[in-house]
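K.L.:
Construct the complete structure from the given sequences, taking the supplied hints into account.
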Amino acid sequence: SVVWSPDGTKLASASDDTTAIVWDSISGEQMATLQGHTDGLMGVAWMQKGESDPETGVGSNNMLVTASNDKTLIVWDGATGQQLKL
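Residue numbers (the working numbering): 195 to 280.
One should not assume that every hint holds.
To be verified - Below, simulated EDC-like cross-link-like pairs (lysine to aspartate or glutamate); rule was C-alpha separation at most 20 Å, straight line:
1. K265 - D233
2. K265 - D210
3. K279 - D264
4. K265 - D211
Worth flagging that the hints you see were computed from the coordinates, not collected in a lab.
P.N.:
This is the structure in structure tokens:
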């Protein structure tokens, strides 16, 4: 699956090779490879935490969630690509 970030500046793709990739939607450059699952990914979604900016409607802390056939979800920091401990 492929999804746009809430602010439209990034794309995230989920792959059967156990990784998700974050892409710059303007340049098309790969920004981060998210690794942590042991089986292929079923999906990826952006979520917002914090209050939304009144002009853009985008939250202050964008996060990614990946879902895998290994029966786990991982939450990632959308800016750094780091796995978050919850």
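K.L.:
So, for every hint listed, does it hold in this structure?
P.N.:
Against the structure, the hints come out as follows:
1. The suggested pairing of K265 with D233 holds, with an alpha-carbon distance near 9 Å, which does not exceed 20 Å.
2. Of the supplied pair hints, the one linking K265 and D210 holds, its CA atoms being roughly 14 Å apart against a limit of 20 Å.
3. The straight-line distance between the Cα atoms of K279 and D264 is roughly 18 Å, inside the 20 Å bound, and the hint therefore holds.
4. Under the criterion of a C-alpha separation no larger than 20 Å, the hint pairing K265 with D211 is consistent with the structure, at around 15 Å.
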